[in-house]
Amino acid sequence: MDRNKMSYKVSQFLTFAGVSTILFCGVVVLPFIYGLYLTFTSWDGVSLEKPFVGLENYTAAFADSTFWAALGRTVIYSVIAVILINIVAFLLAYMVTSGVKGQNFFRAGFFIPNLIGGIVLGYVWQFVFSRAFPAIGLPRLLGTTEAGAMFALIMVSVWQYAGYMMLIYVAGFMSVSKSLMEAAQIDGCTPSQSTWYVTVPLMRASFVQCLFLSITRCFMVYDVNLSLTKGEPAGKSVMAAMHVYNQAFTYKNYGTGQAQALILFIVCAIVGVTQVYVGKRGEVAA
Amino acid sequence: MRKTVFAAVMAVALVGAASVTAMAADTSITIFNSKMEIQSQLEEMAAEYSAEKGVDVEVYYSSDTVAAHMSTRYASNEPYTISMVDAKDIYSLAPDHGIDLSDQDWVKDTTQAISIGDAVYGFPVCVEARGIIYNKTAIEDTLGEEFDPASCATYDGFVEVLNALKENGMDTPVGIMKEDWSLAAHYLAEVYETREDPAGFIASLHDGAKIIEDERFNVLMDTFDLLKENNYAADAPVAAVREDTELYLAEGEIAFMFGGNWDWSVLAEFDPEGEMGMMPIPQNDDNYNTKLVGGGSKYFFIDNSDNTTDEQRQAAKDFLNWLVYDEEGQSFLVDTCALVPAYSNITLEVTDPLGQSVKGYADAGALVDNYNYLPDDHYAKVGANMQEYLAGDVDREGFADLIDAYWAATTPSES
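Quick note, the sequences are listed as chains E and S, same order.
For the first sequence, the numbering used here gives the first residue as 1, with consecutive numbering after it.
For the second sequence, the numbering used here gives the first residue as 1, with consecutive numbering after it.
Since the hints were made in silico from the structure, they are not lab data.
This one's a predicted model, so the numbers in the text were calculated from it and none came from an experiment.
By construction, the Cβ of each residue, glycine as well, lies at the ideal position given by its N, Cα and C atoms.
Mixed in with the good hints there might be a few duds.
[Unchecked claim] Derived list of chain S stretches under chain E, where covered just means 3 residues or more per stretch with a C-beta under 8 Å from a C-beta of chain E:
hint, stretch
1, 90-99
2, 236-246
3, 381-389
Okay, chain S solo, but in the shape it has when bound (with noise of 0.2 Å):
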């Protein structure tokens, strides 16, 4: 009797299960989030979208490295309808997992957009780019006068400006990011990117070629040598906790710390109306001491396995149209959001200032485009090795060994 009664409360259990899901929205998707800093907004952006085009959206978020979730999730066959990940997960993810959106209307006006093939799998969600992040008021209260950002370009500019500060009492104005991916896939990466041709240079290594031999490498190095000596965390560099050079750079106890407007974030919890503003890495070569490097940062791609239906794909796409042509999805992009948007058609204000510089020098051509295809190895080993040079266990000599080393056991990826 008693299973009797079991076996009935689980089967209308099981029909009211089927018929609430039948009655919810039609098609629901998953987006994941790889940008930690936008996770609320897409979060209430979710809940109206789904309330108004009876789309169920759902947005998921990993604290694990983007390639490492993605693997989990498609090692267990769950994938996300949308994915967002970086440029080099495009590269390796998408021409199985993805489809080609080389049919939809936002194709022609972005530059930013990642084909592979004549496919076109990547949305790109926003440019980024990186360079030197100065905060213009602590700089001008130090030394009492205007500060132009272009005084700083070269290496000397730099030296005078910052004994300058040194000479009016912030007697460290930088700090250094000592993440691996900071110091390896942002800063040493501007030395392949900075150059004709960063795909040949680093075959070149492959093959051999010694790095400190290369004018760019001394000349970067040159820099960096330059901020860690004016590092504020100078005797534990390896320690210095991020949340604290971010503060200590709001606050304005320094002046300049490496890094790119995704910092902005950060900085905007210690100080929202601070005057700030990014620069080029100051160093001794004119073609490039005007420029940052970035571009297109975090990329949609749309799941292709059985998992997902046509509908959801179709939903998935409407999404995506929908950032870029209704002026909700643009001002959620740009005004909630804070990103630079990667799409000539939005023509809205970006409201951060790091965010403006960018687009300032996007708007100008003064971005260098990055390299994404770096292998997934590469920040977190090489990125040891500058921990190394940065806490100053190796010289330039041993470092730019290991840097070769590296390359050597390494196979570069196609590009």
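Isolated chain E, as found in the complex (with noise of 0.2 Å):
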């Protein structure tokens, strides 16, 4: 069998992908085209005319200063909640690490947050932060202010992805070869000059990977915006996600929703992107 021929090719690549690449482009490719076809009409989401109207929604979405203030508060949101979740995720998995008596018990123990869905998640500190705060004298943080609200969703961001990043952490650590920090050692670095020269550089994938799924998962948040906030006090906690999915559903103004939704893509796409570029042109290779 001539293996330069095209067909073998094909018929190689449909026996090893085929299934998976109808399957992206059945969920993921089509509804994608479909979405920028409706980006162009004035489709309100329920009738059944779909009349065109060029570019209009997309000069609607740029007049659009609320979702502007959205797309801003979320990239606030977002570099806030993604330092602090990598920080901690990442003392956490140092400290599971470092040979703590139940570390298992404890890795088992920051993960769970991350199993509980978003909404769930949402409730349950919705009820912490209006009942219990008051309770023990602490200033109510939701329906007061923006500031209140903001810090209500990172604070509960952190405290369901932490788990998650320390995995990823937990691994860089495992990864990196104990015979490099004992000869660290001998060539005389304290334990944690060892950690900070020799084993975190060596983690820079681990960084990279956490940074990017941080950074995504913050700019879609809708889940936890939803059930915890739900905009309020006046809309000053409504993230772009939430914008875009009222704008398509509750005004009805599907095409416009759904521009908005691009640019939200087009947005967190170049930051990822950038982020994963920047992040691996430094690894280091042990």
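Make the complex out of the two chains shown on their own, each in a separate frame, by following the hints.
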């Protein structure tokens, strides 16, 4: 059989990747293209007609100041949440790989918040913030100020994702060979110096991965936003994804919502790809 | 060999599945319910109805907003046979997706059905109205005298009652729901509704009229300010939890709350025997301080798409007729679900006290009609502005400017 023949290559490809390619096209590529088409119509989400309106939705999307406010808010939220998530996750990982007693128990414990769905988690914390906090004399965070609501959202996100990112950092810690640490210590490093100068640079891949995951998740946050703050007070905690959903399904401007979703996607993709590119460039191999 | 066995098993399974479907009820219909408080009653009824009539009825509920849920169902081409939606959704959905019901008997027995052009699309499920809910027992226990809601008709009368309550130890007699729909779609909407020509007024706002110069706006906002001053959650009004507010009202810690007869389902959980009632919003305007605002609420429409067969549509029509004309159906609406019926032929006594109030006003012709043509984003956008007003972040002029800005940027729906 001629292995350079096109038909051979195609059949090999289909054998191994056919099903996933079809599924990927069916659930990602086609809806994406259809969504793109809808941004050029003034469809309201339910009517049978989809009148073509050209670039009107994009003009409307760019002119929508509440969308940009929501996007700006999402950027602030993401920056703070991503930094905190990764600091907390790294410290937790450091702790549970340092040989603490019962470290497997801790690993499981810190990971559990991630297993609770975002909606449930939001309601649980809503209870904590609106009942437990005032009861012990802490200020009300929800329904009072924008800063309070943002703080609540960030806190819950950190609690939710830190355990997940911790697992990736744990894997990073474990992948660095003990012999390198020992060599460094023989050369005169203190244990903390050997962690900082030897282990951390070798874990760069974990950092890149964790940052990518936390950035994309924070940018797309919706479930916690919905169940924890519902955008209150006065729409000042509406994040970009929630705004897109409201625009498309609640205000029935499907096209405009879809156009804004596309803008959100592009922003998210640029940030994510840049971050991975910059991160990968400096990666060191052990 | 393995493949053949697998294929055989699949074939048997397929045939089995097909025959099971054929053996079940001849027709099956789906109902979308958007009144959370009657979901379990509907499910029980559906089971009985299925057993009795041989029509399989499935009831669905979604915690999403009605419009959003219907959008996703129609976007995925999976309509319900019968959908319960809000009035405004009938206008947006039914001309494309509903069937004309004007040949149905119940049309002549209700004044609340929704027609567009010559066609009747919306079957009214019940009558609901908005006003101030009062806890009679709590007021009488605090004041030590009989309470007559008519004494609260005017602003000054209401101030007197509130002051008397405060003197007798009820420091904050009022609760305000901070939900955007309650503020903008229910309270503020009365500014549009309580006048001769709501559509004309809204059109004038769109054309640049200032709402701050409107008398009805100022009259209702005066009362809103009074409610605000006496709000139990005045220090953090937008953090007030709905269940808490209703609990305080039921327990008599507060005496008044703006709401509607649907709140009974929540109040009854805390105090099912409570002596409560509804009264119009107190105001210095004799045209409107004797009337509640409301009318038909929640409408059924029947899907017209190819996903629904004619048999299913007939079964759906039969079901609606059963609700209006069969004794069991009537009893289901009034006794089981505690709804105020929208049909003049149903004479069953309404069971809950708020519903009785509403029925009283409705029978006396003292209901101001709902205005069903507010744009979809009105409650969310203006509701957010009204939350700012409730929290004291903007004053009345500032709030009025925000409403003006909303209408300047929004084309009113045709009515």
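*Are there three or more residues in the stretch 236-246 of chain S whose C-beta lies closer than 8 Å to some C-beta of chain E?*
Per the Cβ count (5), the hint holds.
*Are three or more residues of the stretch 90-99 of chain S within 8 Å, CB to CB, of chain E?*
holds (count 4)
_Outcome, coverage of the stretch 381-389 of chain S by chain E - at least 3 residues whose beta-carbon is closer than 8 Å to one in that chain_ = holds (count 5)
Every hint, counting from the list given before, is met by this structure.
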